[in-house]
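Q: Take a look at the letters that make up each chain.
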Amino acid sequence: MLNANQKKTRAVLGMGFAAVLVLSGCSGGNNNDNAASAGASGSASASPSGTGSAVQVDGPTVYGIKLQDMDAGGTLKGQYKGQKIVVATMAGDTEKALKDAAPYFEKVSGATVEVQSFPAESYMEKIQLDLQTNHSFDSVVMPVALIHGYAEGGLVQDLKPYIDNKDLVSPNLDLDDFIPSLLDIYGNYKSKLVALPYKPDAQIFFYRKDLFEDPKLQASFKAKTGHDLKVPETPDEMAEAAAFFTKSLNPDSPVTYGYSTMADNTSSRWIWTNRLAAFGGKDVDKDFKPAFNNEAGLKALQFAKQLTQYAPKELLTLGWDEANTLFANGEAAMMEQWPGLMQTVEADGSKVKGKVGYAVTPGGAPTMGGWSIAMTSSTKNADLTYKFIEYVTSKDMEVLKIQDKMDPTRTSNYMRPELQQQFPMYQTLLDSLTKGKIMADPDVPYVSPKLDDIMEQAVQSVLRGELDPQKALGIMEKSFNEEIQGASITAG
Amino acid sequence: MKKNTEKTVVSILLGLFALYFLFPIYWTLTTSIKPKGSIIKLPPEWFPHRFTWSNYAEVFSQNHIGRVFLNSLLVASATTAVTVLVTALGGYGFSRFRFSGRNLWIYTTIVVRMIPGLLLIIPYYLMFQKAGLLDSLTGLVIVYVTAAIPLAIYLFIGFYNEMPAEIFESARIDGCSEYGTFLRIALPLVVPGIVVTSILVFMGAWNEFSLSLILTFSDDKKLLPLAISSLVQTQKDTPLGTLAAAGTLAMLPAIALSLTTQKYIVDGFTAGAVKG
Amino acid sequence: MKRADPSVRGGRLDRWAPIVFTAPTLLFIVTLMVFPFFYSIYLSLLKYKLTLPAASIHFAGLDNYRYMLHNASFLRATEWTFVFSVIAVAVEVTLGMIMALTLSSTAFGNRTAVFKSLFIMPLMLAPIVSAKIWSLLFQVIYGPINYVLSSLGAGRVSWSGEPLPAKLSIILVDIWQSAPFCMLILLAALKTVPKELTEAAAIDGAGRFGSFFKVTLPQIRHFLALVVSIRIMDALRVFDSVVALTNGAPGESTETLATVTYKTAFRYADIGAGSAGSILYFLFIVVFSLLAFVFLQRKPDRS
Chain A
1 MLNANQKKTR AVLGMGFAAV LVLSGCSGGN NNDNAASAGA SGSASASPSG
51 TGSAVQVDGP TVYGIKLQDM DAGGTLKGQY KGQKIVVATM AGDTEKALKD
101 AAPYFEKVSG ATVEVQSFPA ESYMEKIQLD LQTNHSFDSV VMPVALIHGY
151 AEGGLVQDLK PYIDNKDLVS PNLDLDDFIP SLLDIYGNYK SKLVALPYKP
201 DAQIFFYRKD LFEDPKLQAS FKAKTGHDLK VPETPDEMAE AAAFFTKSLN
251 PDSPVTYGYS TMADNTSSRW IWTNRLAAFG GKDVDKDFKP AFNNEAGLKA
301 LQFAKQLTQY APKELLTLGW DEANTLFANG EAAMMEQWPG LMQTVEADGS
351 KVKGKVGYAV TPGGAPTMGG WSIAMTSSTK NADLTYKFIE YVTSKDMEVL
401 KIQDKMDPTR TSNYMRPELQ QQFPMYQTLL DSLTKGKIMA DPDVPYVSPK
451 LDDIMEQAVQ SVLRGELDPQ KALGIMEKSF NEEIQGASIT AG
Chain B
1 MKKNTEKTVV SILLGLFALY FLFPIYWTLT TSIKPKGSII KLPPEWFPHR
51 FTWSNYAEVF SQNHIGRVFL NSLLVASATT AVTVLVTALG GYGFSRFRFS
101 GRNLWIYTTI VVRMIPGLLL IIPYYLMFQK AGLLDSLTGL VIVYVTAAIP
151 LAIYLFIGFY NEMPAEIFES ARIDGCSEYG TFLRIALPLV VPGIVVTSIL
201 VFMGAWNEFS LSLILTFSDD KKLLPLAISS LVQTQKDTPL GTLAAAGTLA
251 MLPAIALSLT TQKYIVDGFT AGAVKG
Chain C
1 MKRADPSVRG GRLDRWAPIV FTAPTLLFIV TLMVFPFFYS IYLSLLKYKL
51 TLPAASIHFA GLDNYRYMLH NASFLRATEW TFVFSVIAVA VEVTLGMIMA
101 LTLSSTAFGN RTAVFKSLFI MPLMLAPIVS AKIWSLLFQV IYGPINYVLS
151 SLGAGRVSWS GEPLPAKLSI ILVDIWQSAP FCMLILLAAL KTVPKELTEA
201 AAIDGAGRFG SFFKVTLPQI RHFLALVVSI RIMDALRVFD SVVALTNGAP
251 GESTETLATV TYKTAFRYAD IGAGSAGSIL YFLFIVVFSL LAFVFLQRKP
301 DRS
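Protein chains in written order, with full-length UniProt numbering: chain A, 1 to 492; chain B, 1 to 276; chain C, 1 to 303.
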């Protein structure tokens, strides 16, 4: 009882202390994202909020790059004064990135931009409901498969007419600068350009550089397998290395597991899709027909099952936090994950800081995620919305959003020496983005979330050993066909 | 001897209950002051080795966090006030008067409590869209009041039933109107009941999530649970320390309430449900 | 339950008193509960997918109901939700009772009172936070619970990886959240039992347990009925903890009616089927809670 009271008192005192700290900390500025906030606030105070026709905004310097193109090549001159648009997305980094860019855009366009964001676990439902009934959004930033669903349903519109409008378009738009596969996969839908790429994502193969480069381990590997220990490029090499680094199979292994990933029931399918395209299969083809119930699908699924031998036996319950912690604690030699793992690896307290390398996933056809930005059909400020989309995806503004973990989607940004130097992973990411063929969520309009769940159920059953891979593929194909036919989508 | 056995049993049981019911709370509190690397760890840090206030600083640095707190306070208070007003009257009406359809209405009020929230969300959304109440705190108060009414009315009927009918009769004989009787006799007597109901309603509104998710849009209309759940991420590290800090802060009014009013809650239920 | 006959009239205004008092309540209930409910029934008869163009919405009769009743996930969830509720509520009420008895023990005089406040803290923590904290506690590799278990030599339990542990974890969290509520009401209930009655029974040689079952329990029957029916209503709606702990895994073994209908309506954007599922679900709650209430209320009176 006494103890409890003390705890209470301590908590209350602590709260007061926290408040004091925070209050006094305010003037010192935000302690993280320092480059971002420093840049943003610097420019805000530098340029007096003039309302004259030519609005000059001094670009911030980010990662040593002085941003130049702050007014879309001179096409933003405060002409949208008094207008307002609403941009909707998921809460978190995407939201922050949009909010960081909005003030600059507001200054040069004269318009007001409201960014509305909803929690990661329910933003899809919320945004879907509004698009269909309330029509309050002008632009949405969403995962690619969903945008395509909206395109099929006529909820978002073609951007081409705006790009073709010479009076509107920025001279610096340069569509060809987007990584071609990204523009094609993220942006194009049935010969319309329904969105521009906003955030690229691809599964990356992470491995322990220190282990793969250790001469002793190399020698031991050579002795055991007859091959040289190198960063695996094919599934076979991957399996061999994984077996070598699995303690239960090789007591000399310096780590417990050869392979790990996150594979709870929202993400296990990627173990399979990371190899599916490598073996020549696909989730769905261009006519929205399942294309995995074949040799490739079977081999990829069997391989996924094989990988689980080298992984923690709890693999199928590991979510983002736990899987990443496991790798950062040095328990696994290799891991396939989204690029964000790098932040966990390099964080304080990580045991593998500076020891992790990255490569394209073995097989050379990683699963791709990705978000794009689109304009709703119901917008009443189409030109302004277009300008905003163009602005936040422009070459210079892409650099700004890297601070919020939005990697670039334009080739030229991957070529900037400043960025290459600060983000050594970019070359790998660029390669992965170029080679990716399968999307993280099946790219079928309307039913994508349902297909996700069907895949998860099947893949999980196989990995748990409850279902034979061949049977699982059959079940999956049948359910896919039912759902896709039920949605009655016309083939593209 | 017998007394001692009882003491032992009571101590053991209290210890076990405390472990089960308070450990997660303790874990929330300690997580909120742990630095990032100490949160997911083996062996777990039962007692934080290093303290940090950065999680709290992070909460306060969130845009609009002050606004969000204020919104929650406003909505929960308004919900409580309106609910208590409406149901203190309604409970009296149902308890004191016999009128046709009375039972039907009482049962309706109780049965609607069983409607799954999901069933109401879409109709609310469409109704509010027509009425221009989407993205408004007033709209939220309206639905929260509705959600709180069934339990509140049930409690109030119990409270009033508990009062001896004679006191109302004598007031009537003294020349009070029905309204006067309510104001002068019933209302003062039902105050403990009002306290209990207020607390339950306030807590309900304070912690509500789904309706506010669907019915509000802008940052400056967000309520606490929604803002907190915005911290939870699926494709990147969830800032668990910040989440715990936000949860702890959100818990403060509730803890204050429970410490100061727990006695009333028990008394209130005693009065309320005897003849319920 | 004898009330005054309002025919003893005062002013003319008094005639309107029943309406004046109850109108605000009924206004809320009718416009925001009854009306939306009927609207949902209407929605449940439509083929209405949120992802499809609005023009595709059309009347579909009972198709959605047929679909839900033939939907294996829905049926499995119904079964598990039922089992979950029975087990969870039984344990919660029993535990709540034990807690209430412990706290009303006078062995330590009044010094245990602070525990009343402490034990109701789970009620105060926002469900979104407590669910996340529990999911941390239940982590397979880094969770404190598994750490303790393996230190005790029991080995790690794959909480969300196997059906039984997954179900157990959801039940445990629900008990944690709700036993305090039962405790509160039952504490109140115990206060209504006159001391003389239990003491008399004890003197008659019934013993403490005997007097509890023979005297106390029948005395607080109404409270039990109240707490069980309220808890059943809410247990049948379990949602947050499932989403945070297992997300239905492994397979679909821990999907509940609330999560299945939610997924149908929103994740799969099938408003029609989701509404139909919810209405079936509502009927299920009504029948089940009423049965529980009636059963407990009608328990043969032993006194």
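You may find that some hints are simply not true.
Stated by the list, open to error - The calculated label-pair distances, taken between Cβ atoms and stated as ranges, are:
1. C:I41 <-> A:D174: 29 to 39 angstroms
2. C:H58 <-> B:K263: 31 to 41 angstroms
3. B:H49 <-> C:G205: 30 to 40 angstroms
Said to hold, decoys possible - The calculated DSSO-like cross-link candidates involving lysine-lysine, where the alpha carbons are at most 27 angstroms apart (straight line), are:
4. A:K355 <-> B:K236
5. B:K36 <-> A:K96
6. A:K230 <-> A:K380
7. B:K7 <-> C:K191
8. A:K353 <-> A:K160
9. A:K216 <-> A:K405
10. A:K380 <-> A:K81
11. A:K192 <-> A:K224
12. A:K289 <-> C:K47
13. B:K41 <-> A:K313
14. A:K305 <-> C:K191
15. A:K299 <-> A:K84
16. B:K7 <-> C:K47
17. A:K355 <-> B:K7
18. B:K263 <-> A:K353
19. A:K351 <-> A:K405
20. A:K84 <-> B:K3
21. C:K167 <-> B:K41
22. B:K41 <-> A:K209
23. A:K313 <-> B:K130
24. A:K99 <-> B:K263
25. A:K351 <-> B:K236
26. A:K96 <-> A:K84
27. B:K36 <-> A:K351
28. B:K41 <-> A:K247
29. C:K195 <-> A:K478
30. B:K36 <-> A:K209
31. B:K36 <-> A:K353
32. A:K478 <-> A:K286
Since the hints were derived computationally from the structure, they do not count as laboratory data. Values in this document were obtained by computation on a predicted structure and should not be read as measured data. Ideal placement from N, C-alpha and C gives every residue a C-beta, glycine not left out.
Q: None of the hints should be skipped; say for each whether it holds.
A: Verification of the hints:
1. Between I41 of chain C and D174 of chain A the beta carbons are some 55 angstroms apart, a value that contradicts the proposed interval 29 to 39 angstroms.
2. The given range of 31 to 41 angstroms is broken by H58 of chain C and K263 of chain B, whose C-beta atoms sit roughly 58 angstroms from each other.
3. A hinted range of 30 to 40 angstroms is violated for the C-beta pair H49 of chain B and G205 of chain C, which are about 57 angstroms apart.
4. The straight-line distance between the Cα atoms of K355 of chain A and K236 of chain B is roughly 21 angstroms, inside the 27 angstroms bound, and the hint therefore holds.
5. Distance restraint check for K36 of chain B and K96 of chain A: the Cα-Cα separation of roughly 21 angstroms lies within the 27 angstroms cut-off, and the hinted pair is therefore satisfied.
6. Taking the CA atoms of K230 of chain A and K380 of chain A, the gap is near 56 angstroms; set against the 27 angstroms cutoff, the hint is violated.
7. Annotation: proposed proximity of K7 of chain B to K191 of chain C holds, straight-line Cα distance about 21 angstroms (limit 27 angstroms).
8. Under the criterion of a C-alpha separation no larger than 27 angstroms, the hint pairing K353 of chain A with K160 of chain A is inconsistent with the structure, at around 45 angstroms.
9. With a C-alpha separation of about 37 angstroms, the suggested pair K216 of chain A and K405 of chain A falls outside the 27 angstroms cut-off, and the hint is violated.
10. With a CA separation close to 15 angstroms, the supplied pair K380 of chain A and K81 of chain A stays within the 27 angstroms bound.
11. Distance hint between K192 of chain A and K224 of chain A is unfulfilled; the C-alpha atoms sit about 54 angstroms from each other, more than 27 angstroms.
12. Annotation: proposed proximity of K289 of chain A to K47 of chain C holds, straight-line Cα distance about 24 angstroms (limit 27 angstroms).
13. Proposed proximity of K41 of chain B and K313 of chain A is supported: the alpha carbons are some 19 angstroms apart, at most 27 angstroms.
14. Restraint check for K305 of chain A and K191 of chain C: not satisfied, since their Cα atoms lie roughly 60 angstroms apart, outside the 27 angstroms limit.
15. At roughly 52 angstroms between alpha-carbon atoms, K299 of chain A and K84 of chain A are farther apart than 27 angstroms, so this suggested pair is violated.
16. Of the supplied pair hints, the one linking K7 of chain B and K47 of chain C is violated, its CA atoms being roughly 64 angstroms apart against a limit of 27 angstroms.
17. Only pairs whose Cα atoms come within 27 angstroms are accepted, and K355 of chain A paired with K7 of chain B is rejected, the gap being roughly 58 angstroms.
18. About 54 angstroms separates the Cα atoms of K263 of chain B and K353 of chain A, which puts this hinted pair outside 27 angstroms; it is violated.
19. Between K351 of chain A and K405 of chain A, the direct Cα distance comes to roughly 22 angstroms. Compliance with the 27 angstroms bound is thereby established for this hinted pair.
20. Under the criterion of a C-alpha separation no larger than 27 angstroms, the hint pairing K84 of chain A with K3 of chain B is inconsistent with the structure, at around 74 angstroms.
21. Taking the CA atoms of K167 of chain C and K41 of chain B, the gap is near 25 angstroms; set against the 27 angstroms cutoff, the hint holds.
22. Between the alpha carbons of K41 of chain B and K209 of chain A the distance comes to roughly 24 angstroms, so the proposed pair stays at or under 27 angstroms and holds.
23. Restraint check for K313 of chain A and K130 of chain B: the C-alpha separation of about 53 angstroms exceeds 27 angstroms, so the hint is violated.
24. Distance check on the hinted pair: K99 of chain A and K263 of chain B sit about 47 angstroms apart at the alpha-carbon level, beyond 27 angstroms; violated.
25. The straight-line distance between the Cα atoms of K351 of chain A and K236 of chain B is roughly 19 angstroms, inside the 27 angstroms bound, and the hint therefore holds.
26. With a C-alpha separation of about 19 angstroms, the suggested pairing of K96 of chain A with K84 of chain A holds against the 27 angstroms cut-off.
27. About 14 angstroms separates the Cα atoms of K36 of chain B and K351 of chain A, which keeps this hinted pair within 27 angstroms; it holds.
28. For the suggested pair K41 of chain B and K247 of chain A, the alpha carbons sit about 21 angstroms apart, so the restraint of at most 27 angstroms is met.
29. Restraint check for K195 of chain C and K478 of chain A: not satisfied, since their Cα atoms lie roughly 68 angstroms apart, outside the 27 angstroms limit.
30. Between K36 of chain B and K209 of chain A, the direct Cα distance comes to roughly 25 angstroms. Compliance with the 27 angstroms bound is thereby established for this hinted pair.
31. Between the alpha carbons of K36 of chain B and K353 of chain A the distance comes to roughly 15 angstroms, so the proposed pair stays at or under 27 angstroms and holds.
32. For the hint linking K478 of chain A to K286 of chain A, the alpha-carbon distance of about 18 angstroms falls within 27 angstroms, and the restraint holds.
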